Amino acid sequence: MATERVISEHEVKAAYVYNFAKFVDWPENAFPLNNSPITIGIIGDVEFGILMEKAVKDKMIQERAVRIQNLKWPADLRGCQIVYVTSSEQRRFRQIAESVRNSPVLTITEVEDRSQDKGILNLFIEGGKVQFEINSAGAEQARLKISSKLLRLARGTAGSYSGKGK
Amino acid sequence: MSRIRDLSLSRKIKTIILFSTALALILSSFAFLWLSWNSLRDSLEYDAIGLARAIGDNATAALLFKDASSAHEIILALASDPRVLDAALWEKEGTRIAIYSRDTARIPHIPSLPPPEDAYFEKDALVVVRNIIMDNEHVGSIFLRMGLASLQSLFNRIFAIIALIIGAMLLFTYFLASKLQALVSKPVLDLAQTVKSISSEKNYGIRAVKTGSDEVGDLIDGFNAMLEQIQNRDEALRRHSQKLALRSAEVTAVNAQLNIAIQKAEQANRAKSDFLAKMSHEFRTPLNAIIGYCELIKEEATETEDAAYIADLDRIHTSARHLLALINDVLDISKIEAGKMEVFVERFDVGDILKEVYGTVCEQVEKNGNVLEFDYPEDLGSMMSDSMKLKQILLNLLGNSGKFTQNGHVSLNAGRIARNGVPWLQFQVKDTGIGIRHEDQKKLFQAFSQVDDSTSRKYGGTGLGLAITQRFVQMLGGTIHLESEPGRGSTFEICLPAEVSVTTQPNPEFAVAEA
Numbered sequence: 002m003a004t005e006r007v008i009s010e011h012e013v014k015a016a017y018v019y020n021f022a023k024f025v026d027w028p029e030n031a032f033p034l035n036n037s038p039i040t041i042g043i044i045g046d047v048e049f050g051i052l053m054e055k056a057v058k059d060k061m062i063q064e065r066a067v068r069i070q071n072l073k074w075p076a077d078l079r080g081c082q083i084v085y086v087t088s089s090e091q092r093r094f095r096q097i098a099e100s101v102r103n104s105p106v107l108t109i110t111e112v113e114d115r116s117q118d119k120g121i122l123n124l125f126i127e128g129g130k131v132q133f134e135i136n137s138a139g140a141e142q143a144r145l146k147i148s149s150k151l152l153r154l155a156r157g158t159a160g161s162y163s164g165k166g167k
Numbered sequence: 134m135s136r137i138r139d140l141s142l143s144r145k146i147k148t149i150i151l152f153s154t155a156l157a158l159i160l161s162s163f164a165f166l167w168l169s170w171n172s173l174r175d176s177l178e179y180d181a182i183g184l185a186r187a188i189g190d191n192a193t194a195a196l197l198f199k200d201a202s203s204a205h206e207i208i209l210a211l212a213s214d215p216r217v218l219d220a221a222l223w224e225k226e227g228t229r230i231a232i233y234s235r236d237t238a239r240i241p242h243i244p245s246l247p248p249p250e251d252a253y254f255e256k257d258a259l260v261v262v263r264n265i266i267m268d269n270e271h272v273g274s275i276f277l278r279m280g281l282a283s284l285q286s287l288f289n290r291i292f293a294i295i296a297l298i299i300g301a302m303l304l305f306t307y308f309l310a311s312k313l314q315a316l317v318s319k320p321v322l323d324l325a326q327t328v329k330s331i332s333s334e335k336n337y338g339i340r341a342v343k344t345g346s347d348e349v350g351d352l353i354d355g356f357n358a359m360l361e362q363i364q365n366r367d368e369a370l371r372r373h374s375q376k377l378a379l380r381s382a383e384v385t386a387v388n389a390q391l392n393i394a395i396q397k398a399e400q401a402n403r404a405k406s407d408f409l410a411k412m413s414h415e416f417r418t419p420l421n422a423i424i425g426y427c428e429l430i431k432e433e434a435t436e437t438e439d440a441a442y443i444a445d446l447d448r449i450h451t452s453a454r455h456l457l458a459l460i461n462d463v464l465d466i467s468k469i470e471a472g473k474m475e476v477f478v479e480r481f482d483v484g485d486i487l488k489e490v491y492g493t494v495c496e497q498v499e500k501n502g503n504v505l506e507f508d509y510p511e512d513l514g515s516m517m518s519d520s521m522k523l524k525q526i527l528l529n530l531l532g533n534s535g536k537f538t539q540n541g542h543v544s545l546n547a548g549r550i551a552r553n554g555v556p557w558l559q560f561q562v563k564d565t566g567i568g569i570r571h572e573d574q575k576k577l578f579q580a581f582s583q584v585d586d587s588t589s590r591k592y593g594g595t596g597l598g599l600a601i602t603q604r605f606v607q608m609l610g611g612t613i614h615l616e617s618e619p620g621r622g623s624t625f626e627i628c629l630p631a632e633v634s635v636t637t638q639p640n641p642e643f644a645v646a647e648a
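So the protein lines, in turn, are chains X and E.
Quick note: the first sequence uses the working numbering, first residue 2, plus one each step.
Quick note: the second sequence uses the working numbering, first residue 134, plus one each step.
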């Protein structure tokens, strides 16, 4: 528990994002070149972007380099494979989701409230620990394959894709 | 080994076949078992590494997200493999996140910190530790301990099956060897039986039966050939012994006849000798009287100068003396042949004897116009022998020479020689007389044989002188040799041992040397 306190919630989340990438398969056309890096776009806290940079420094995912981009909305998200929407930008999520609809982009949100729209992956705190849930229908729509190894760790996987909105 | 040597041939063959088969089977089984055990261990290790990799791969997400319950679920999958005894998963930081054990009592045996990657066998378990790698990144470690019990039972089953196969094969081999050994042993046993019956029945007409043309066949051929030879030899021997029996019967018969003849001859000879001895003695007494009266009448006739009678009386006197000499010789010969002639051994000086001989024989030899020469060293010394016989030998030889030599030389040479390291005396009587023909030399020493009857008439003499001489030489252990050429004279050589011991055997060799 002592380590949990020293490591901040955002640090854990950054590590999670990096680890998620390992268990997701993108379709071939998701990358412009065979050796193109995986680009993680962050919309919201610049501070999280810095933590994210730290988490992926000098690391490879599926033999690809990892690149972090801090984005300001509105932005072109089609160059990104992962889009992380921090809680501070949650209000723009519907628009963001709309812009990457049918594109092979893994959207990640951090929503505690069950009623709000969520990305394909959503991080939340439960029992003092960071947990995640997966919207497998959304993943399917984005033509992403999420490893069963990851699916079995998720708290909830049945939720429908929220991006279409109410 | 000596026990095997004493076994019967068939058991020997069976034993050898069984032993070889058993050895081959057991050795190959050991090799097979060793290989099986190794491959079983290898496959177990292979299985364990594969299992560790699979579980580790499954657990990557759980390890990365530190999800202990999920990791536990994953590791619990190992329960389906009864070989897995213990297992554990560690995060990359080294925290043990999940353990599994078939028996909770074993939990203390699971290491709490991740060991380095390894694979090794413990006493009854295989331990495999593998790092879990994802995207070239170390995400954790897995530990597996697999029991060898299943391996052991599998191995035991293989062992049991092999033992069963070996047993069955040995049984089969024994059966086969029992049947097949006859191939080798039967001809040999048959041969042995034949040999036994031949030696017990002594029937060499029996033949061994040949069953094949192998070495035993060759042996049987050789044996039969040998029997053939033995049979032939037996037949030859039988014929020979029959002949021999016949011959020996003949020889026995002849021998018996011979013995009878010999006995008769000896009897006759003895009778003759006895007769001669008696008769000679009986003759001598009246003959001496005749000679004595003849000399008396001759003296009276000389005084009265009745010359007409003197020549007649001389003839009577000469004839009577000749008759006396003849009788003396016959007496000697008959004594010798009757075995009554004795040797008187004494020490005497040889030179003295030679002087006496010279005095006695000189007149008789020189009568025919001959020159008599004696030649011997001064130091001739003495000898141990019969002086009378030596004297008579020399007188006989010199008298003979003088008789058969006219106007020539008669000589006697004497000297000492050594024969076989023993001192001998050698006497040579040489003349320049008429000599003796080769064909006559052989019968010269026989009694009553002069070269021919005319000789006797011409030269006088009894024909016994040389026979007596030769017998005397023989009695003194010496030898006599004759060398002669007709018309050129004769040489008689006498050799006598200087010391005649009592044990000196008469020398049976008195051959006449061929010129």
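Some clues are possibly wrong.
Stated by the list, open to error - With a Cα cut of at most 27 Å, we get these calculated DSS-like pairs of lysine-lysine: (1) LYS329(E) x LYS146(X); (2) LYS376(E) x LYS60(X); (3) LYS23(X) x LYS55(X); (4) LYS55(X) x LYS225(E); (5) LYS343(E) x LYS312(E); (6) LYS146(X) x LYS23(X); (7) LYS146(X) x LYS58(X); (8) LYS23(X) x LYS225(E); (9) LYS488(E) x LYS397(E); (10) LYS199(E) x LYS55(X); (11) LYS576(E) x LYS130(X); (12) LYS397(E) x LYS312(E); (13) LYS60(X) x LYS576(E); (14) LYS397(E) x LYS58(X); (15) LYS23(X) x LYS58(X); (16) LYS147(E) x LYS343(E); (17) LYS376(E) x LYS397(E); (18) LYS329(E) x LYS147(E); (19) LYS147(E) x LYS319(E); (20) LYS23(X) x LYS199(E); (21) LYS468(E) x LYS522(E); (22) LYS473(E) x LYS312(E); (23) LYS146(X) x LYS576(E); (24) LYS130(X) x LYS468(E); (25) LYS58(X) x LYS343(E); (26) LYS199(E) x LYS147(E); (27) LYS397(E) x LYS431(E).
As the list claims (entries may be wrong) - Estimated spans, in silico, between C-beta atoms of each pair: (28) GLN63(X) x ILE240(E): 50 to 56 Å; (29) SER245(E) x GLU99(X): 24 to 30 Å; (30) SER286(E) x GLU64(X): 41 to 47 Å; (31) ARG102(X) x SER202(E): 33 to 39 Å; (32) ALA212(E) x GLU64(X): 49 to 55 Å; (33) PRO244(E) x ARG102(X): 49 to 55 Å.
Honestly, the hints are just simulated from the structure, not real lab data.
Treat the numbers as computed from the prediction; the structure is a model and nothing was measured.
Just so you know, even glycine gets a beta-carbon here, dropped at the ideal spot from N, CA and C.
These are the hints, each one checked on the structure:
1. LYS329(E) x LYS146(X): 99 Å, violated
2. LYS376(E) x LYS60(X): It is violated: about 127 Å lies between the C-alpha atoms, which goes past 27 Å.
3. LYS23(X) x LYS55(X): 17 Å, holds
4. LYS55(X) x LYS225(E): It holds: about 18 Å lies between the C-alpha atoms, which stays within 27 Å.
5. LYS343(E) x LYS312(E): 20 Å, holds
6. LYS146(X) x LYS23(X): 11 Å, holds
7. LYS146(X) x LYS58(X): 25 Å, holds
8. LYS23(X) x LYS225(E): Given pair LYS23(X), LYS225(E) holds - Cα atoms ~16 Å apart, limit 27 Å.
9. LYS488(E) x LYS397(E): 46 Å, violated
10. LYS199(E) x LYS55(X): Given pair LYS199(E), LYS55(X) holds - Cα atoms ~20 Å apart, limit 27 Å.
11. LYS576(E) x LYS130(X): 163 Å, violated
12. LYS397(E) x LYS312(E): 83 Å, violated
13. LYS60(X) x LYS576(E): 150 Å, violated
14. LYS397(E) x LYS58(X): 157 Å, violated
15. LYS23(X) x LYS58(X): Holds - the C-alpha atoms of LYS58(X) and LYS23(X) are around 15 Å apart, at most 27 Å.
16. LYS147(E) x LYS343(E): Given that 27 Å is the threshold and the Cα spacing comes to 23 Å, the pair holds.
17. LYS376(E) x LYS397(E): 31 Å, violated
18. LYS329(E) x LYS147(E): Given that 27 Å is the threshold and the Cα spacing comes to 24 Å, the pair holds.
19. LYS147(E) x LYS319(E): The given pair, whose Cα atoms are some 13 Å apart, holds under the 27 Å limit.
20. LYS23(X) x LYS199(E): 15 Å, holds
21. LYS468(E) x LYS522(E): Answer holds: LYS468(E) to LYS522(E) is near 14 Å, not above 27 Å.
22. LYS473(E) x LYS312(E): 92 Å, violated
23. LYS146(X) x LYS576(E): The given pair, whose Cα atoms are some 154 Å apart, is violated under the 27 Å limit.
24. LYS130(X) x LYS468(E): Violated, at roughly 167 Å.
25. LYS58(X) x LYS343(E): Violated, at about 99 Å.
26. LYS199(E) x LYS147(E): Roughly 73 Å separates the two Cα atoms, so the pair is violated.
27. LYS397(E) x LYS431(E): 48 Å, violated
28. GLN63(X) x ILE240(E): 50 to 56 Å: Between GLN63(X) and ILE240(E), where Cβ atoms are some 37 Å apart, the hint is violated.
29. SER245(E) x GLU99(X): 24 to 30 Å: 52 Å, violated
30. SER286(E) x GLU64(X): 41 to 47 Å: 46 Å, holds
31. ARG102(X) x SER202(E): 33 to 39 Å: 35 Å, holds
32. ALA212(E) x GLU64(X): 49 to 55 Å: With a Cβ separation near 35 Å, ALA212(E) and GLU64(X) fall outside 49 to 55 Å, so the hint is violated.
33. PRO244(E) x ARG102(X): 49 to 55 Å: About 51 Å separates the Cβ atoms of PRO244(E) and ARG102(X), which means 49 to 55 Å holds.
The earlier numbered hints that this structure contradicts are 1, 2, 9, 11, 12, 13, 14, 17, 22, 23, 24, 25, 26, 27, 28, 29, 32.
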